[in-house]
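K.L.:
Line order of the protein sequences matches chains G and S. Residues are numbered in the numbering used here as their position in the first sequence, beginning at 1, plus a constant of 5. Residues are numbered in the numbering used here as their position in the second sequence, beginning at 1, plus a constant of 5.
Please keep in mind that the hints were generated in silico from the structure rather than gathered at the bench. One should not assume that every hint holds.
Identical copies look the same in the list; a pair holds intra-copy or inter-copy alike.
To be verified - Derived pair list, reagent style BS3-like, types lysine-lysine, alpha-carbon separation capped at 30 Å:
no.: 1; residue 1: K146; residue 2: K370
no.: 2; residue 1: K120; residue 2: K383
no.: 3; residue 1: K120; residue 2: K93
no.: 4; residue 1: K413; residue 2: K347
no.: 5; residue 1: K275; residue 2: K412
no.: 6; residue 1: K21; residue 2: K36
no.: 7; residue 1: K174; residue 2: K236
no.: 8; residue 1: K93; residue 2: K275
no.: 9; residue 1: K236; residue 2: K412
no.: 10; residue 1: K370; residue 2: K413
no.: 11; residue 1: K370; residue 2: K118
Just so you know, these numbers come straight off a predicted model, no measurement behind them.
2 protein chains.
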Amino acid sequence: MNAEIITIGDEILTGKVINTNAAFLSQELDKLGITVVRITTVSDTSHSILSSLEEASSRADLVITTGGLGPTTDDVTKYSMAEYFHSKMSINPEVLEQIKIFIRARGGNVNDKNKGQAMLPENCEVLPNRSGTAQGMWFSKNNVNYVALPGVPYEMSEIFLNELAPRLKERYILPFIHHEMVLTSGISESAMAMQIGAWEAGLPSNIRLAYLPSPGILRLRLSGTDNNPEKLTDDMQTALRSLEAIIGSYIFGYNEERLEEITGDLLRHKGYTLALAESCTGGKISELITSVPGASDYFIGSIIAYANEIKTDQLGVSPDTLRTYGAVSREVAHEMATGVLKRLGSDYSIAVTGIAGPAGGTDRKPVGTTWIAVASGKRITSRIYHFGEHRGRNIQKASIAALFMLKKELEDNL
Amino acid sequence: MNAEIITIGDEILTGKVINTNAAFLSQELDKLGITVVRITTVSDTSHSILSSLEEASSRADLVITTGGLGPTTDDVTKYSMAEYFHSKMSINPEVLEQIKIFIRARGGNVNDKNKGQAMLPENCEVLPNRSGTAQGMWFSKNNVNYVALPGVPYEMSEIFLNELAPRLKERYILPFIHHEMVLTSGISESAMAMQIGAWEAGLPSNIRLAYLPSPGILRLRLSGTDNNPEKLTDDMQTALRSLEAIIGSYIFGYNEERLEEITGDLLRHKGYTLALAESCTGGKISELITSVPGASDYFIGSIIAYANEIKTDQLGVSPDTLRTYGAVSREVAHEMATGVLKRLGSDYSIAVTGIAGPAGGTDRKPVGTTWIAVASGKRITSRIYHFGEHRGRNIQKASIAALFMLKKELEDNL
């Protein structure tokens with residue numbers, strides 16, 4: 006069961022708008038077990054729309070378009086559809102009534118533009134839009150089904166979820182499909198490929214692996230299809246367990262989990278509080294932690310000690326230690342971590358000191374050198390990292406590494 | 006001059022990743038005066054890649070692909086390219102040397118996967134990747150040029166800007182096109198449209214306006230084309246000056262400028278230091294400021310006072326003030342701003358206290374209510390803002406508003 010998505014709109018071709026509609030539709034179709042084989046973006050012209058419909062129909066069982074259904078002259082999708090399906094256009098009286106109700110409920114007057122939205126190809130099945138005036142449309146031709154949805158994201162997604170998805174489930178026999186995402190950190194894509202190459206080669210043919218790298222995090226996605234749901238679930242679990250046996254120490258979570266949520270939940274579960282002493286990360290770790298709703302349950306605050314005087318005056322780092330070992334050292338990371346623990350009165354603390362770059366590197370401590378320490382009243386753990394040359398990515402990688410270290414400390418202590 | 010973009014990757018077809026690469030490329034090609042006529046996303050299979058290349062070549066002068074150049078077995082783009090352009094694959098010795106240098110500089114060991122990244126189609130021109138091991142490639146066939154770029158966004162964009170854009174300017178005769186971006190904050194898209202509607206209607210026909218909204222910032226892009234560069238520059242400047250006369254107080258910068266850089270430059274120029282007291286923004290403002298290389302010239306540090314005890318103990322906010330006015334109040338914002346100024350010893354400070362949401366709102370102080378204060382030794386300015394209901398956007402909007410307030414204070418004082 007193959008589908009294609011055609012997003013119609015010059016605003017995407019000129020980069021003014023990111024194509025989130027295609028991402029939404031892909032995700033939802035994938036969940037239903039429908040394989041999206043191609044996504045195409047074309048301009049708001051009848052010629053491009055017609056040729057893309059023609060091409061898609063040769064590859065897919067289902068073609069979904071978004072965009073070009075508005076009331077203005079640059080919106081030509083429904084006229085192109087009428088041409089493609091050899092249909093007359095006429096006012097749909099039921100749709101017109103719904104549009105009048107919709108506009109009046111919002112205190113508006115029904116104008117000709119609004120009324121024009123009820124002018125639809127006669128041979129389409131209407132997929133009603135409860136949040137706007139541009140209706141969804143379902144067409145069929147030569148065993149291929151075609152659906153046109155509006156381009157406004159919330160209107161598109163509401164019609165998809167309320168009108169289209171139920172029809173797809175009813176009208177197609179869909180295979181069983183299953184995804185599992187394994188979230189790892191602390192290992193590069195190529196090192197991972199070396200470690201799990203044999204495991205990957207031994208996967209059953211109905212399970213595929215994909216690497217999804219981003220700074221500090223490498224996600225591994227397992228995708229399986231099978232007509233037998235129980236067998237697939239078993240196969241996937243077997244594959245996951247054997248993967249965990251190889252790279253378990255790099256795994257921090259699964260699927261949609263976020264490291265800052267996982268560490269937050271661990272802290273909340275044990276009733277621990279957290280404070281941070283950030284230098285090179287400059288507030289990034291605090292920002293990640295506080296991006297999670299309810300972070301005030303465990304996060305009490307941070308001291309961002311960018312200047313050395315802040316390290317000494319606010320965190321109690323000894324000027325001797327700074328002089329002897331330098332700001333980027335295990336010793337300073339330790340004193341920052343214990344200092345913030347004491348001054349802010351938290352149960353746990355993280356301290357990060359490093360050279361984010363582009364300036365500040367030396368031969369012995371090049372840009373990317375970073376010390377991270379995690380402290381509790383009972384113990385302190387620290388590690389040196391060598392990230393890269395790019396400031397933004399160094400900050401991101403250090404933040405992920407710091408949260409991962411905290412997670413391991415919390416788990417050791419649970 | 007027509008271009009097509011082909012993004013290769015199952016992660017886009019399954020909706021796991023939003024296609025930001027296509028948006029970046031569309032925007033950059035548009036700036037160069039190259040029209041993107043189609044964007045296609047296909048899966049990581051040789052068959053889909055070859056058919057999409059064939060189809061694009063019938064419509065475009067330039068075809069750019071992204072993705073599928075990694076070291077793992079699911080990356081097949083370069084082999085498909087070799088097949089399409091009838092080229093042998095071989096190790097490129099220069100590229101191999103660069104990869105070795107790249108890996109070793111990061112403290113890694115060069116493994117077979119890394120070495121395999123130097124295996125390239127013989128008839129391509131290499132577009133070097135300075136941030137990774139997947140090289141860009143340029144091919145030509147029957148008057149169409151083809152470029153393959155890696156899928157990792159920062160590697161793709163760096164190769165585009167440093168290697169590809171200069172070659173495009175050199176090898177094509179591109180129309181004269183001129184863009185000016187006006188950066189504003191503190192005004193909504195619809196309020197802006199009301200204020201500048203008449204100005205927009207009066208623009209010459211060769212100059213177009215686009216609104217590019219994002220949380221806290223509304224960018225206005227003016228795009229002009231003309232065969233006469235001098236006349237176009239004059240027309241654009243005239244349009245800009247009349248726009249500034251209408252909405253000058255909302256403008257904080259132009260083109261690629263970032264508010265955190267603008268405020269940083271102002272601080273450096275006057276030799277002032279800055280410290281922050283963040284509550285609801287949780288480190289976001291500090292993170293923005295320290296994302297700028299050289300921020301240590303003026304930024305000394307922050308106290309993130311998430312819990313009320315940190316506000317009293319570390320910033321000297323009076324428990325009476327907290328009790329009487331609540332944590333989200335002008336009085337607390339003032340005490341936070343003067344407290345951090347005094348404790349950290351900076352010339353300027355910003356304090357932010359608000360309700361980011363989703364919980365914590367009341368009838369009198371709903372989610373989104375935020376007080377921001379900017380203090381120097383001489384004076385203190387504060388303002389209340391009412392943002393929306395969305396936590397992430399509230400944090401972003403408060404951070405932008407705070408930096409904009411600091412900018413105005415610094416300018417008043419110069």
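K.L.:
Output the numbers, in ascending order, of every earlier hint that fails for this structure.
P.N.:
1, 2, 8 and 9
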